[in-house]
Amino acid sequence: MTLSGGSLFGAGGSALTELAPVPAERSAQPRRANWYRQPALMAGLVITLILVGLALAAPLLTSYNPIGQNLNATLQGPSAHHLLGTDQFGRDTFTRLLYGARVDLRVGFIAVLFPFCLGTILGSLAGYFGGWVDLVIMRMVDVVVAFPFYVLLIALVFVLGPGEKSIYIAITIVGWVSYARLIRAEILVAKRQEYVLAAQSGGLSNLRIMGRHLLPNVITQAIVYAMSDIVQDILAIVTLGYFGLGIPPPTAEWGSMINDGQNFLSTHWQLTTIPGLAVVVVGLGLSLIGDGLADLLRPGQS
Amino acid sequence: MSFVGRRLVQLVPVAVGVTIVVFFMIHLIPGDPARTILGIHATPRAINELHAEWGLNRPLASQYWLFLDRLLHGNLGQSLIYGGPAATLIVQRLPATLWLIAYATVLAIAISVPLAMIAATRRNAIRDQVVRAVPLFGLGMPPFWVGFLLIYAFGIKFRVFPVGGYGIGIGGHLKSMFLPSLTVAVALSPVVIRSLRASMLSVLGADYITTARSKGVPGRRLFIRHVLRNAVIPAITVLGINIGFLIGNTVVIENVFAIPGIGQLMINSIFQRDFPVVQGVTMVFAVMVVLVNLLADMTYASLDPRVSFDR
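If you read the sequences in order, they're chains B and E.
With this note's numbering as the guide, the letters of the first sequence map in order to residues 1 to 302.
With this note's numbering as the guide, the letters of the second sequence map in order to residues 1 to 311.
Please note: incorrect hints may appear among the correct ones.
To be clear about the criterion: a stretch of chain B counts as covered by chain E if any three or more of its residues have a C-beta under 8 Å from a C-beta of chain E, and this derived list gives those stretches [said to hold, decoys possible]:
1) 130-143
2) 155-168
3) 276-287
Worth flagging that the hints you see were computed from the coordinates, not collected in a lab.
A quick note: this is a predicted structure, and the numbers were derived from the prediction, not measured.
For each residue, glycine too, the CB sits at the ideal point set by N, CA and C.
Chain E on its own, in the form it takes in the complex:
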C-alpha cells in the first residue's frame, strides 16, 4: 500500500475515537442532559422532544449509532438557539478561523526562522543567549493577555491597527487580522524557535556542511542553500505537531478580538448552552487537526528524499 493509503487507514480508529468522545460529551452532563441543557423552566414537552431527537430513551449503543448515522449525512444536529442546522452555522464561520490559522502560521514562521538562525549561527554568543531566553518568558505568557497588550499598544496608544472584527476584502482581512494573528504567532513562536534552533545546530554539525565549508562555499550561501533547506523540514514537523496548540489558541484569540470564527461560535454557544453547536465545533476542530497532521506528514515525505515509508 502507498504511504498515503496506509496513513489514511491509520486515521480510521482516530476518527471513530473522535466521534465517541464528542458523542459522550452530553453524557458527562450531571443529571438528565435534556433538562440541564434546556434549563429549569423548560416545559416537559420540550424535554420530551429533545429526548426523542437525540434518542435519549434508547440504549447507549443505539444512541451512538443514531449520532453516527446523522454525522455521516453531514448532520451535526440542530442548533437549540438559532433553530437551523449546526453545520450551516459552522460553515458560515469557518473562513475567518481558517484565515486566522493561515495568517498566524505565516507570522510564526516569519518570527521564528530569523530568530533561530540568529541563535544557531553564533552558538552561545550573546545573541544566542537572548534568543534562548525567549521561550523562558514566552511560554508563561497567557495568549489572551498578549492580545490585550497588543490591543493596548497598537490599537489604543498608537492607532495603527483595528482591534476587532474580520475586515472586508483581502486587504481588510490582512489589516484587521494582523493583531490577532500576531498574538497567536507569539504564543506559538517559543516552541518553534526552540526546536528550529536545535535542528539547525544539528544540520550545522553534519558532514556535508563541513564538506561545503572546506570547498569554500561562502557563509551566506552555505546557510541558505545547505542549512536552511534542511532545517525547513523539521520546522514543518514542529508546526504539524503544534497545530493543535495553534488551533486551540485561535479559540481564545477570536474571542479577544471579536473575530466571527468558529472559536467565537463555540464560546457563544457555551454561554447559550447550545449543545449541538458546541459538539459540532469540537468535532470540526478535531477534523482540522487530523487533516493538518496528514498534510504535514505528506509534505515531509515529499520534501525529504531520505525519508522512506516502506517499512
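The shape of chain B in the complex, shown without the other chains:
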C-alpha cells in the first residue's frame, strides 16, 4: 500500500527536476487522469521497460557467455573489453548482469502471479461470505503472518530443495496473505454498495457477482500492491541466492553475484556493488509504477 500523495517525480527519473503543484490528497479538484500525464507512472514504465529490454536483448548486447570462464582474465577492472570488469572466474560482469536480469526479472514477475491469484480468491471468499469461511481464512492469515517473512521463506525453500519451483511455492505460501487482507477489506465495503444489492436481488449467482461485479471494482488495490510485491519477491530471490538457496550456480543471478563478490569486497568492491544497484533500479521503476497507479486509480479522480 502506498501512502504517498500525488507523486510528482520528474519524468527523467530524477526526483527533483519537476516540482509541479499537486492538489491536496482529499481536495475535490477534478483532474483528468490520463495515464500518460502521470509523471511517476511514466518514469516507472520507462525504467522498467528499459530494464526488460536490456534483459531480452542480452545476447545482442554482449558477445560473452555468462557462464563461460576465462581463467586468464580473472578479477579485471573495467576496460574496453570488459565494461564492468570480470569476476574471480574471468566471467564478464556486464554480461552476467544482463543475463542475471533475465533470471531475476522473470522469476520475480512470475512469482508474484501465484500469491496474487490465491490471495485474491481467498480474500474475496472471506469478504463476501463472511461467517466461518471468513473465520477460517483469516485465522490462516494470522498464522502465516506470525512467521517473519524471510524465516518462513528460507525454511520452506530449504525443505523443498533449492530451485525455481521451490521459490514459487514458498513465495506463494508466504505472500498470499497480503492480497487476501487487502481484497477482503475492499470487498467488505463494496458488498454493501447498491449495485451489489441490486445484482443479488436480481438473482445472479454469487460466483457471477464476485467475478463480474465485485472483483473489477476491488482488484485495483491489489494490482498497486503487486508492484511493490514484485520488488519484495526479487529481493527475496536475491537474498535466497545470497544464501545459496536460490537459483543454483553457475546461472548468472544478481544475488549469487553479490555473494561471489563478497570475498573480494576490500579489493574489488564493484563486484558486490553493481548487481545490488541493478536491484535498486528495478525497485525504483516498479515503486514509481505503483505510486503512479495509486494516484491514477484513487477514487474521486475520474
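Guided by the hints, dock chain E onto chain B, whose structure is given.
Chain E only, in chain B's frame:
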C-alpha cells in the same frame, strides 16, 4: 473479559497454527524425511532410530501429538549435529538476536522520526520531496547488500567500526552491533518514514492543532507537545506490524556480520541439515513476532486514551 485476556484468547488458534506449520515442515521433504535428513550414507539403524524418535511410523495425528507433547515440555527435539537439545542451543544464541532487534528498532526510530518530521512540517517543499524519494530507492535495496556497503565504507575504507562479531560487555555490544543494527534499521526505515509522514500530516490537519495555533502556541512547542505525542502512537503500530519484517531481516544480517544469534544458527543448521534446530528456530521466531505484536497492542491501548476495547 479484559482487553488483555481477550487478546490472549485470540492467540490460541494462532499458536496451534504455528505448531502445525512447523510440524508439517518435515513432511514437505520429498521422500522419506529420515533418509533425506541423514543423507545417502546413513545406516539403516540410524534411520530407524530417527523414525522411532519422531514417531514417523505412526499415523500423522499421533505424530503431531507427540510433537506437541514434547513442545509443551520445552523440548524442541535433539540437534542431529551437536547432539544436545535444540532448545539449549537456541537459548544460548538468543541474547545476540534480541540485542540486534532492540538496537535496530532504536536506530530505525532515530532515523525515521526526524526525517518524517522534516517532511511533514513543510509539505511538498523540496525537503518533503527528498524524504518522499527515500522509500522509492530504499525499498529496492537488498538488506544484505546494504550490509556489504556499510562494511566497505566503515569497516574497510574508514576503520571506524568492527565488521563482525558480537563484542564483549555492553560497550562492546554497542560498538560491534552498530553496523548490523544500522543495516536492519535502514531496511526498515522507508516503510516507517512513509507511515509516520502520513500520520503526522493527518495530526497536523486535526482541529486541536488549529486551536493550539490560534491560541498562539509557538511552532516548536506545538510540534513536540501536540503533534509528536499523537504521531508516536501510529509509529508504534507501524513498528509492531513490521516486526516480522525486522526480525526476518536479522536472520540475513546476522549472517552478513557473523553475529552468533539464532538467525546464524538457523542458516548454519540448514547447511548441516540439522532439521530439529531449523524447526526450533522457526518456532522461536514466530513466538517472538506474536509476543511483540501483543506488546505493541497493549502499549497502543495504554498510550491512547481514545482507544476503547470494549467492543
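Hint-by-hint comparison with the structure:
Under a criterion of three residues with beta carbons nearer than 8 Å to beta carbons of chain E, the stated coverage of the stretch 130-143 of chain B is upheld, 4 such residues being counted. For a cut-off of 8 Å, the count of residues in the stretch 155-168 of chain B with a CB near a CB of chain E stands at 6, and the three-residue condition holds. Using a Cβ-Cβ cut-off of 8 Å, 9 residues of the stretch 276-287 of chain B lie near chain E, which meets the minimum of three, so the contact claim holds.
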